[in-house]
Amino acid sequence: MSDNISILLVDDHELIRSGLGAVLDLEPDMDVVGTAGSVAEAITAFDRLQPQVVVADLQLQDGTGLDIVRTIRKKNDTTGLVVLTMHSGDDQIFAAMQAGASGFVGKDAPATEVIKAARHAAVSPKAFVCAGLVGAMMRRRSGEQTSLTDREHDVLLLLAEGLNAAAIGGKLYLSESTTKSHIARIYQKLGAANRAQALVTAMRIGLLSTVQPSARSAGAAS
208 MSDNISILLV
218 DDHELIRSGL
228 GAVLDLEPDM
238 DVVGTAGSVA
248 EAITAFDRLQ
258 PQVVVADLQL
268 QDGTGLDIVR
278 TIRKKNDTTG
288 LVVLTMHSGD
298 DQIFAAMQAG
308 ASGFVGKDAP
318 ATEVIKAARH
328 AAVSPKAFVC
338 AGLVGAMMRR
348 RSGEQTSLTD
358 REHDVLLLLA
368 EGLNAAAIGG
378 KLYLSESTTK
388 SHIARIYQKL
398 GAANRAQALV
408 TAMRIGLLST
418 VQPSARSAGA
428 AS
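Taking our numbering, I'd label the letters of the sequence shown as residues 208 to 429.
It should be emphasised that the hints constitute simulated quantities derived from the structure, not laboratory data.
Treat the hints loosely; a few may be bogus.
[Claimed, not checked] Taking lysine-lysine pairs in the DSSO-like style, the calculated list, with each CA pair at most 27 Å apart, reads:
(1) Lys378 <-> Lys333
(2) Lys323 <-> Lys333
(3) Lys314 <-> Lys333
In this text, all values refer to a predicted model and were calculated from it rather than measured experimentally.
Generate coordinates for the entire structure from the input sequences, incorporating the hints supplied.
Take a look at the structure:
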């Protein structure tokens with residue numbers, strides 16, 4: 208059995224499918240096991256082939272690459288999902304991140320960026336990477352300032368590492384009840400109902416630069 212990364216490539220232009228597919232197949236650790244030209248074809252091919260990574264164009268005739276991302280994310284959180292697009296604006300970056308994509312690459316980027324994103328997605332499917340993410344967060348933050356106290360920011364950083372309230376309190380020499388109060392205020396300021404929402408919002412507005420994959424599914428304030 209091959210240890211290569213199996214890839215499903217989705218684009219509604221046959222020329223791009225064949226060209227990018229050939230580039231990916233040249234990599235010694237990658238195999239393009241299938242292609243699709245629409246959302247419907249992609250979901251059918253995914254169910255049949257069970258690839259490790261799906262590389263999908265954002266704009267498709269019967270929907271978007273984000274429809275594919277959301278559908279597959281409902282099935283599992285282990286498949287790597289890379290979104291390609293000609294329109295790599297800030298809104299598209301945040302939409303891909305919130306949908307559950309593993310990576311976001313502009314079609315004007317060199318092929319090496321797609322290759323790097325596919326390798327990342329295979330290893331860390333729940334950790335979002337995008338070359339333009341930091342700039343997008345800075346631009347978004349300039350119009351959406353959310354003020355946390357120094358202590359609340361310390362707590363937020365530990366939430367992003369996946370620690371629970373008791374562990375955070377131990378790190379910061381706080382009681383568990385005090386830590387939970389800080390967490391509640393963070394959620395309130397970020398307009399979040401739980402840890403996952405708080406971390407996504409904090410990433411979006413630039414309060415965090417990275418989140419451990421385990422943190423998104425950890426308990427809200429436990």
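Could you work out which earlier hints the structure fails to respect and list their numbers in ascending sequence? none
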